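Chains as they are written, first to last, in my numbering: chain A, 1 to 329; chain B, 1 to 329; chain C, 1 to 329.
Simulated from the structure, these hints should not be mistaken for laboratory data.
All figures in this text were calculated on a predicted structure; none of them were measured in a lab.
Among these hints, one or two may not hold up.
When chains are identical, the list treats them as one kind, so a pair holds in a single copy or across two.
What the hints assert, rightly or not - Here are the simulated DSBU-like pairs of lysine-lysine, each with C-alpha atoms no more than 30 Å apart in a straight line: (1) Lys19 / Lys71; (2) Lys112 / Lys19; (3) Lys71 / Lys264; (4) Lys98 / Lys195; (5) Lys327 / Lys264.
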Amino acid sequence: VQGELSLGDLAVRFGLTLKGDPDLKVYRLATLSGAEAGSVAFLANSRYRRQLETTRATAVFVSPEDAPHCKVAALIGPNPYLAYALVAQLLHPTAAVKPGVHASAVIAADAKVAASAQVGAHCVIEAGVVVGERALIGPGCIVQEGSVIGEDTVLHTHVTLYPQSIIGRRCILHAGVVIGADGFGFASDRGNWVKIPQIGTVRIGDDVEIGANTTIDRGAIEDTIVEDGVKLDNQIQVGHNCVIGAHTAVAGCTGISGTTLIGKRCRIGGGVGIAGQLSIADDVVITGYSLVTASINEAGSYSSGMPAVESPRWRRMVARLRRLADKEK
Amino acid sequence: VQGELSLGDLAVRFGLTLKGDPDLKVYRLATLSGAEAGSVAFLANSRYRRQLETTRATAVFVSPEDAPHCKVAALIGPNPYLAYALVAQLLHPTAAVKPGVHASAVIAADAKVAASAQVGAHCVIEAGVVVGERALIGPGCIVQEGSVIGEDTVLHTHVTLYPQSIIGRRCILHAGVVIGADGFGFASDRGNWVKIPQIGTVRIGDDVEIGANTTIDRGAIEDTIVEDGVKLDNQIQVGHNCVIGAHTAVAGCTGISGTTLIGKRCRIGGGVGIAGQLSIADDVVITGYSLVTASINEAGSYSSGMPAVESPRWRRMVARLRRLADKEK
Amino acid sequence: VQGELSLGDLAVRFGLTLKGDPDLKVYRLATLSGAEAGSVAFLANSRYRRQLETTRATAVFVSPEDAPHCKVAALIGPNPYLAYALVAQLLHPTAAVKPGVHASAVIAADAKVAASAQVGAHCVIEAGVVVGERALIGPGCIVQEGSVIGEDTVLHTHVTLYPQSIIGRRCILHAGVVIGADGFGFASDRGNWVKIPQIGTVRIGDDVEIGANTTIDRGAIEDTIVEDGVKLDNQIQVGHNCVIGAHTAVAGCTGISGTTLIGKRCRIGGGVGIAGQLSIADDVVITGYSLVTASINEAGSYSSGMPAVESPRWRRMVARLRRLADKEK
């Protein structure tokens with residue numbers, strides 16, 4: 001048991017309407033189907049409403065529309081998923097930072113590590129680095145020359161910050177994240193590639209979360225920028241000189257080529273490819289596995305992911321499209 | 001020379017029919033085209049049958065159909081590739097584990113590391129971890145609180161197990177694998193993203209192999225599960241609360257979104273995208289670079305990867321499809 | 001200020017025609033739009049010619065065609081981007097290697113590390129490894145048994161070289177690169193997967209750059225080969241036994257399946273998928289997000305990336321294609 005909350009408490013704290021006994025207590029979170037007594041669950045999508053009939057949860061966060069179908073105590077509000085997120089944060093608070101530097105960490109003499117920060121085993125903190133108050137640098141992280149890590153930011157394990165990377169406050173960088181590697185820039189000299197020194201850096205705002213093994217390249221001349229509140233999933237690649245606008249969320253395995261500007265509050269699906277030197281407006285939705293090859297100037301939803309069908313049918317689709325195109329040649 | 005095997009031995013050991021001298025000896029593996037005397041090669045695909053005519057191998061594993069074309073000694077059976085795998089394991093046995101903990105590793109006082117296990121340089125083994133008999137933890141691995149590693153499992157280098165990860169027996173996790181990072185879960189609060197604590201974990205069965213830089217996220221509430229005998233290639237992303245059924249194989253760069261259930265014995269190609277909250281039946285084949293956006297309820301082969309053609313022809317295909325769709329608007 | 005160059009110097013050094021005062025000095029690089037006095041910028045693409053009118057740069061590298069539009073000093077030559085690359089290398093020379101092995105690095109007794117090489121904190125250099133003159137092994141790298149690193153090569157952070165990997169001279173391997181993990185090879189034995197030992201290695205030529213978190217698998221029997229001058233971006237996956245021809249460049253997130261041979265001087269876009277056992281000719285261009293399922297025998301440009309459109313229009317395109325294919329069943 002991580003904690004104990006009464007339904008009355010929850011209703012008051014989150015401004016929800018309670019249908020049920022305010023003295024009932026919940027101790028843990030559960031899915032509707034996996035819940036046992038003492039759990040609180042949620043229904044965020046009416047498509048799964050049938051699960052309300054059989055759940056053994058003590059209480060459920062539901063919308064007003066779904067509430068009549070709830071057989072157990074209901075905590076009713078317009079955004080059940082948000083209510084669930086907030087109670088989950090209450091029941092599972094982030095582990096407290098344990099101030100101090102592990103004996104095996106290698107810290108440059110002139111690095112400034114806040115006394116309230118924690119630096120794990122086998123970390124390397126190079127010259128001129130600043131680690132803010134209550135920051136947590138997990139084991140095996142490497143923070144290179146002149147990088148700055150804001151207050152309350154967490155680097156999990158094996159994170160690399162190349163020199164001069166700037167990370168804001170309350171960020172979370174997961175295992176294997178690489179910030180500030182060289183952008184992919186080469187000039188062609190009669191068949192040989194000549195490297196373009198990448199002299200910009202990466203600046204990441206506040207409240208940014210970056211998933212495992214995601215890579216964000218440093219700028220060629222100016223900086224690559226990730227604004228406040230951006231959420232990046234695992235294994236995303238962000239090219240040099242991109243700007244990702246505030247509160248945009250990007251799902252896993254998406255690749256964004258260099259010098260592309262993405263607006264604020266965009267939602268970009270997984271496996272998307274975005275070509276370079278484009279501009280994407282605010283509030284754009286790009287569905288999974290789409291390819292974006294031209295700028296998008298208006299909010300709205302854009303797609304080109306082709307859904308799989310039975311393989312023989314797919315082969316006919318491809319053949320038909322080829323013949324149609326060849327006919328008009 | 002890693003070993004020496006006579007053709008007679010091989011025939012008996014693997015139940016193969018030998019056409020040739022049983023006293024001939026082989027010392028090493030080779031491809032048909034690269035073989036020299038003393039090598040054993042294999043022909044798994046009749047398409048390459050012509051190579052039988054010129055190979056310098058001492059012997060070849062072949063199917064009954066291909067055997068008549070073999071000019072050198074033939075080891076004949078229904079599955080030449082399997083025979084090759086088994087003889088390769090004989091000639092190249094896995095290096096023995098050298099029990100002991102490297103002096104530079106940081107091991108929590110209450111971690112239980114089997115005396116027969118090996119822990120490499122610069123590893124971190126946190127509180128409550130259990131490392132099973134003969135497990136090999138390569139250099140630079142980080143095993144976080146409460147994780148369990150089964151007997152005879154190998155973690156190569158720079159592997160991270162987030163807290164409470166469970167890894168079965170005889171697994172192989174390659175360099176840079178991240179198990180148990182937070183799933184990508186956020187509730188929207190008027191344009192801000194509120195983090196959903198990810199309180200499930202990851203449970204991996206026995207005999208699972210996971211390729212370099214692959215990431216498997218921990219569950220949001222319940223666990224992410226990878227069943228026995230699953231084989232995952234490099235740079236795969238598995239979202240929170242997925243279940244991957246036993247003996248399913250997934251090729252590189254594929255992304256599986258959260259809460260998708262994949263059946264047993266599926267074969268999923270490289271670069272595939274699978275949307276979230278889907279269910280894929282047992283024995284499904286998904287060909288490379290397909291996008292799966294709906295559940296698949298029947299075994300069979302599914303596709304949507306579009307093969308490349310000359311760029312001008314491709315542009316005509318796209319233009320033609322657009323016009324056809326716009327006509328009927 | 002990293003240095004100071006006069007325009008006259010630059011013109012002489014790079015064989016450019018100067019239109020302007022040869023005594024003017026530049027100190028730093030800039031984009032056309034971000035430039036201030038003392039900066040040199042470049043215009044590589046006439047599409048952005050308008051920026052010449054407002055730039056505050058002291059001088060601009062331009063082509064003869066764009067030169068008449070330049071309001072400030074012009075350094076005129078056929079390849080402004082190359083001129084920029086070269087001057088950038090002058091102004092931002094690579095940091096000098098600081099010879100020596102960090103006290104926390106773990107070096108096998110019989111490893112041969114050149115006295116002029118630098119080995120960073122928490123590195124592991126295993127038995128039989130050779131590290132060439134002036135090589136720089138960044139912190140947290142793991143170089144396994146028998147691997148060889150050529151002169152002047154840089155490994156950034158958390159790079160893993162599996163046993164027997166061969167890296168040429170003047171290479172750059174970015175953070176999280178994994179060279180030589182096992183290829184994805186299994187034989188099927190009545191529903192179980194039997195591992196094929198991967199006994200080849202990886203051989204990388206001279207002047208190769210490999211981006212962050214890219215993985216290159218070792219060969220099954222023979223070696224995986226990356227020839228001289230190849231440039232690989234981030235998060236690329238190269239399967240076992242591939243050969244990538246000299247001076248080929250591959251953009252991020254591309255996956256190349258096993259035993260595929262890619263020619264010389266190819267340019268392969270981001271997010272491309274290339275099936276296994278194919279052969280791609282020299283001088284082939286593959287545009288981003290294409291899927292290659294058959295060998296390409298002629299130089300030229302190939303595509304299959306489908307550009308995103310508004311989602312409702314896209315749904316009509318998919319539906320239309322399905323109906324057309326189903327009609328002729």
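Do the hints match the structure? See the list:
In this assembly of identical chains, the alpha carbons of Lys19 and Lys71 lie at most 30 Å apart only when taken from the same copy (10 Å versus 73 Å across copies). Taking the shortest Cα distances, Lys112 and Lys19 never come within 30 Å of each other, neither inside one copy (53 Å) nor across copies (48 Å). Within a single copy, Lys71 and Lys264 get their C-alpha atoms no closer than 40 Å, and across copies no closer than 35 Å, so neither meets the 30 Å cut-off. In this assembly of identical chains, the alpha carbons of Lys98 and Lys195 lie at most 30 Å apart only when taken from different copies (22 Å versus 43 Å within one copy).
Neither within a single protomer nor between protomers do Lys327 and Lys264 lie at most 30 Å apart by alpha-carbon distance, with minima of 43 Å and 34 Å respectively.
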